[in-house]
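Chemist: When we follow our numbering, the leftmost residue of the sequence shown carries the number 157, and every step to the right adds one.
Heads up, none of these hints are tricks.
Taking lysine-lysine and the BS3-like style, the derived pairs with C-alpha atoms no more than 30 Å apart in a straight line are:
no.: 1; residue 1: K238; residue 2: K321
no.: 2; residue 1: K321; residue 2: K248
no.: 3; residue 1: K206; residue 2: K247
no.: 4; residue 1: K170; residue 2: K180
no.: 5; residue 1: K235; residue 2: K206
no.: 6; residue 1: K239; residue 2: K321
no.: 7; residue 1: K321; residue 2: K247
no.: 8; residue 1: K248; residue 2: K206
no.: 9; residue 1: K238; residue 2: K206
no.: 10; residue 1: K271; residue 2: K321
no.: 11; residue 1: K248; residue 2: K238
no.: 12; residue 1: K206; residue 2: K321
Have a look at the derived ranges for each label pair, beta carbon to beta carbon:
no.: 13; residue 1: L445; residue 2: M465; range: 22 to 28 Å
no.: 14; residue 1: L325; residue 2: L421; range: 27 to 33 Å
no.: 15; residue 1: Q301; residue 2: L418; range: 42 to 48 Å
no.: 16; residue 1: Q301; residue 2: Q216; range: 23 to 29 Å
no.: 17; residue 1: G366; residue 2: F197; range: 40 to 46 Å
no.: 18; residue 1: L456; residue 2: S398; range: 22 to 28 Å
Since the hints were made in silico from the structure, they are not lab data.
Note that beta-carbon positions come from the ideal geometry of N, C-alpha and C, so glycine has one too.
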Amino acid sequence: MNLISWPRLFAVIKKEFMQMRRDKATFAMMIGIPLIQLILFGFAIDLNPKHLPAAVVMQQPNPIAQDILQRMEQSQYFKFIKKRTSLVEAKKMLHTNQVKFVVYFPPNFYRDAVKGLQPSILLLVDGSDPIAAGRPASVFNELSQIVGRDRFRFLSLPAENRVYKTVVLSAFNPEVNTAFHIVPGLMGVVLTMTMVVVTALAITREFERGTMELLLSTPLQPLEVMIGKILPYACVGYIQVSFILLLGRLLFHLPMHGSFILLFLMCFPFICANLAMGLTFSTLATNQLQAMQSAMFFFLPSILLSGFMFPFQGMPTWAQMIGNCLPLTHFLVIVRGIVLRGNGWAQIYPDLLYILAFMMVVMSIAYKRYRNTLD
Numbered sequence: 157m158n159l160i161s162w163p164r165l166f167a168v169i170k171k172e173f174m175q176m177r178r179d180k181a182t183f184a185m186m187i188g189i190p191l192i193q194l195i196l197f198g199f200a201i202d203l204n205p206k207h208l209p210a211a212v213v214m215q216q217p218n219p220i221a222q223d224i225l226q227r228m229e230q231s232q233y234f235k236f237i238k239k240r241t242s243l244v245e246a247k248k249m250l251h252t253n254q255v256k257f258v259v260y261f262p263p264n265f266y267r268d269a270v271k272g273l274q275p276s277i278l279l280l281v282d283g284s285d286p287i288a289a290g291r292p293a294s295v296f297n298e299l300s301q302i303v304g305r306d307r308f309r310f311l312s313l314p315a316e317n318r319v320y321k322t323v324v325l326s327a328f329n330p331e332v333n334t335a336f337h338i339v340p341g342l343m344g345v346v347l348t349m350t351m352v353v354v355t356a357l358a359i360t361r362e363f364e365r366g367t368m369e370l371l372l373s374t375p376l377q378p379l380e381v382m383i384g385k386i387l388p389y390a391c392v393g394y395i396q397v398s399f400i401l402l403l404g405r406l407l408f409h410l411p412m413h414g415s416f417i418l419l420f421l422m423c424f425p426f427i428c429a430n431l432a433m434g435l436t437f438s439t440l441a442t443n444q445l446q447a448m449q450s451a452m453f454f455f456l457p458s459i460l461l462s463g464f465m466f467p468f469q470g471m472p473t474w475a476q477m478i479g480n481c482l483p484l485t486h487f488l489v490i491v492r493g494i495v496l497r498g499n500g501w502a503q504i505y506p507d508l509l510y511i512l513a514f515m516m517v518v519m520s521i522a523y524k525r526y527r528n529t530l531d
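Full structure from sequences and hints, please.
Modeler: Have a look at this one:
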């Protein structure tokens, strides 16, 4: 007795391939997600970002300092956007995320170097992103072993001595704790996953079960139905934010240098934007599987291109342009700025404008799509 009939087996296989071809959403999911991952991981993601913005504090230009700065730029890790500024202005630029590094040459640096006194050069690093700043800081230290000797042989120094010493300080994260970088970002990731995926699934489930028809028989307006459906998930989002902040404080001693009230206020437009995105996906899908697939196409680029997992500055220009269109990218800047830098309204409003613009566009689309669905 044959356990398997090959003609019947091939008939089943053929049927599955035909079914797969008819289900265009699933087929696109199987092809699209690996393709997106290949492109993003292969071209967009770089764990070793280059050309990071930096500022220089130096009273008077001198040959040794110019040689140091030139070699730092030649390493391709540093891009000096401000070569002559004050220490106060440089710290302000670091605080507002305009630069990632500040190079400080002390007064009389050249005179002390010529005398062999080994003056110290300070590199102030943006510690809120330790992954991006790690390698450039190492290069800065390594340069002190070679800078000056081949061009300034007139310096009367013993062979084993360096021309200068290096001091690296981490701003906003003195202990260079990676958890301080990741935990605030988790708020944005968890909110994106919950608000988009769960909302899309929950509303699509209502259509599948036929309970949405009960709403159609009531005098409710489409806007009332939409707000009533998504508002409970907004409350859940605030509970998640509170839970992450509490655990971050208890388990990782996460500091809070900014205002809790401001942080919670900034969460609202971000939550609304993601809820509207989930609502839009629910109107495009005919079942929960399609809703999940649609949400994944939004969630995956958000995780990879927002700067949560990989340094945003290390991505090519086209990837940064896509990332800037995602609300998570700007929310990460806001939340890390409030938690680690103590940023206020003046520092966060540019990123808030991006989120508000995204929220208004997506909510308009969601409202029109949802009204058409109810009609």
